[in-house]
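Model the full structure from these sequences, guided by the hints.
Heads up: the sequence shown begins at 1 in full-length UniProt numbering, then just goes up one per residue.
Just so you know, these hints were derived from the structure itself, not from any lab. Every value quoted in this text rests on a predicted model; they were computed, and no experiment measured them. Errors might be hidden in some of the hints.
[What the hints assert, rightly or not] Simulated pairs of lysine to aspartate or glutamate, EDC-like, Cα-Cα distance not exceeding 16 Å:
no., residue 1, residue 2
1, K350, E475
2, K3, E115
3, K220, E165
4, K349, E115
5, K496, E475
6, K220, E202
7, K212, E202
8, K108, E202
9, K490, E387
10, K396, E489
11, K108, D7
12, K350, D7
13, K495, E383
14, K495, E475
15, K2, E202
16, K14, E115
17, K495, E387
18, K351, E115
[Said to hold, decoys possible] Label pairs and their computed distance ranges (CB to CB):
no., residue 1, residue 2, range
19, S391, V28, 38 to 48 Å
20, Y373, N216, 23 to 33 Å
21, Y373, K400, 32 to 42 Å
22, I301, V97, 29 to 39 Å
23, N403, V28, 47 to 57 Å
24, T6, S299, 25 to 35 Å
25, N403, L362, 49 to 59 Å
26, I235, I90, 24 to 34 Å
27, L304, F167, 45 to 55 Å
28, L11, N216, 42 to 52 Å
Ideal Cβ positions, reconstructed from N, Cα and C, are used throughout, including at glycine.
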Amino acid sequence: MKKLVTDLRNLPNKLIYSIIVLFSVFIVIYAYFILSWSIGMDTELATYGLGNSEYLYPLHTQYFLLDRPSLAIITYVLGQVAIPYFTLLISMSLLFVSAIIWMVILTKKNFSIIETLVFCNFYLISPIYIFQFNFVNQAIGIGIGFVLTSLAIYHFSLILNHDCEKFKNYVASIVYLFLCIGIYQSFIILFAEGVIFLLILEQLKSIKTNLKDIINILTKILFVSLAALIGYLLISKLIYIFIGESHYLANVYEGWHSNSFSEVIKHLLLYFANILISPLSFTYVLASLLLIFFVRKFSLIIMLALLGCLALPFAFAVFLGAPIPLRILFPIPLSIAIVMLLIFRVTSKKKLIIAIACLCLLINFKQICQLTYSQNMVQKYNEYNLEHLYSILHDKFGNKLYNTPVVFIASPKADNSFYIRHIYSEPFYFNSDEDFLSNVFPDKMWQTSSINHRVYYFMQWLGLFYKLPTEQQIELGKQISPSLAIFPEKGSITKKNNIIFVKLSE
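Right, dumping it as structure tokens:
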């Protein structure tokens with residue numbers, strides 16, 4: 001860490017001024033997102049059905065269950081309640097801190113200020129980050145994950161520098177990587193992309209490719225990665241002695257692991273197709289096309305490494321054999337930044353690349369605002385409809401509602417419901433079955449009983465009363481569901497055995 005502080009102090013004054021200006025632009029671009037503060041109701045408990053019992057675990061316990069020890073500790077220390085505006089401001093600022101660490105790495109590799117700013121433009125400004133930081137209970141932890149990953153890459157860069165103490169940097173790189181994997185396992189993709197970039201830079205220094213040097217660097221990468229992963233797996237298994245292991249993947253991906261290999265490939269291809277046709281893929285496709293256009297500027301090894309950076313998040317999904325729609329995507333801005341930086345370095349048409357970078361900045365800014373706007377509209381829609389439902393129940397049952405469990409009955413495919421009609425598509429999916437209440441009610445991935453836990457959290461945030469039903473009461477709701485009409489028809493709300501039942505769809 002002392003070395004990093006020294007390197008920060010040695011940054012050129014012009015670069016420091018550029019950092020101040022860049023941070024101002026960064027905050028302005030994400031200002032609407034930060035100030036919107038749309039609460040993330042998609043908690044671990046609600047999403048993965050871990051609370052299908054008569055009691056609720058604290059959120060940090062849920063993270064331990066989900067193999068995220070670092071995130072669990074961060075959540076325990078910070079608390080579960082998000083601070084309006086400041087939570088997202090702190091989270092985005094941590095992302096910017098990770099960019100400053102990258103600036104130090106690039107400066108030590110003799111990149112100019114303009115080159116560094118081109119890199120930061122693509123690394124910092126991306127609508128993909130909205131999907132990560134929108135879950136406010138996890139946002140600060142994710143921001144810390146970006147910082148820790150950048151620190152792991154920084155210390156690995158020092159390992160490649162023969163003048164530095166290798167042992168200390170090995171330990172630091174392993175520890176930082178271990179901690180960030182403990183926040184989200186997908187941070188190992190970010191680390192892999194970063195060290196591949198360092199490998200490319202080592203090759204650019206060499207006039208002639210030396211296979212022995214490449215194998216030596218790859219061995220170091222493998223050693224650091226395996227050491228961090230083994231430590232992470234050991235800690236996770238030790239935690240299971242005290243807290244039971246979660247099987248949330250089996251709950252989330254219905255029958256995924258029981259599908260045939262052809263079905264798995266079919267789902268993955270559809271998943272990739274959805275991403276490629278998304279408006280958010282503009283900079284990704286552009287970087288890929290530019291890389292193909294400048295193919296003659298790079299050696300075969302460097303070209304393969306750059307293609308590897310772009311493909312790594314998707315290769316991770318294939319390796320796991322299960323789709324992880326959003327979690328694997330946050331390394332993509334770094335892969336785009338690496339490609340665009342190296343294209344900028346090798347081309348003589350630097351003004352053209354700067355113009356493209358500015359165009360991408362404006363497009364990404366527009367998409368960030370559009371995503372934030374649409375999410376806020378969905379949130380307000382959810383509030384209105386849930387408050388409307390609650391008002392109807394209160395008019396019908398009075399203050400008895402406060403101490404009476406309510407069971408909401410809804411199907412993941414609620415297209416036959418009068419009440420749930422408005423269909424919207426998420427940016428990475430087409431032909432989506434999700435409805436405008438998906439922040440509260442389950443889509444096709446979630447168990448029907450999870451609906452009550454999601455309503456519980458949402459009601460809690462709205463300051464409304466809602467008594468969480470037990471698993472047995474939920475089962476009773478399933479049994480009497482065929483005899484009930486669909487809301488808002490007469491007979492859609494009933495009370496039986498001191499339980500209120502509301503049927504929203506078949």
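Status of the hints after comparison with the structure:
1. K350 x E475: violated (65 Å)
2. K3 x E115: violated (23 Å)
3. K220 x E165: holds (15 Å)
4. K349 x E115: holds (13 Å)
5. K496 x E475: Measuring from Cα to Cα gives roughly 13 Å; hence the hint holds.
6. K220 x E202: Within the cut-off at roughly 14 Å; holds.
7. K212 x E202: Holds, at about 13 Å.
8. K108 x E202: holds (13 Å)
9. K490 x E387: Roughly 19 Å separates the two Cα atoms, so the pair is violated.
10. K396 x E489: At roughly 14 Å apart (the allowed maximum being 16 Å), E489 and K396 satisfy the hint.
11. K108 x D7: Distance ~8 Å between K108 and D7 Cα, so the pair holds.
12. K350 x D7: violated (28 Å)
13. K495 x E383: violated (24 Å)
14. K495 x E475: Roughly 15 Å separates the two Cα atoms, so the pair holds.
15. K2 x E202: violated (24 Å)
16. K14 x E115: Cα-Cα ~13 Å, so holds.
17. K495 x E387: Violated. K495 to E387 sits at ~19 Å, over the 16 Å cutoff.
18. K351 x E115: Holds. K351 to E115 sits at ~12 Å (cutoff 16 Å).
19. S391 x V28: 38 to 48 Å: holds (40 Å)
20. Y373 x N216: 23 to 33 Å: Cβ of Y373 to Cβ of N216: about 50 Å, so the range 23 to 33 Å is violated.
21. Y373 x K400: 32 to 42 Å: Cβ of Y373 to Cβ of K400: about 40 Å, so the range 32 to 42 Å holds.
22. I301 x V97: 29 to 39 Å: Holds - the Cβ-Cβ distance for I301 and V97, about 32 Å, lies within 29 to 39 Å.
23. N403 x V28: 47 to 57 Å: At roughly 49 Å between Cβ atoms, V28 and N403 fall inside 47 to 57 Å, so the hint holds.
24. T6 x S299: 25 to 35 Å: holds (34 Å)
25. N403 x L362: 49 to 59 Å: Once the Cβ atoms are compared, 54 Å apart, the range 49 to 59 Å for L362 and N403 holds.
26. I235 x I90: 24 to 34 Å: holds (26 Å)
27. L304 x F167: 45 to 55 Å: violated (31 Å)
28. L11 x N216: 42 to 52 Å: The hinted range 42 to 52 Å is violated for L11 and N216, with Cβ atoms some 30 Å apart.
Figure legend: structure checked against the earlier numbered hints; hints not met, in rising order: 1, 2, 9, 12, 13, 15, 17, 20, 27, 28.
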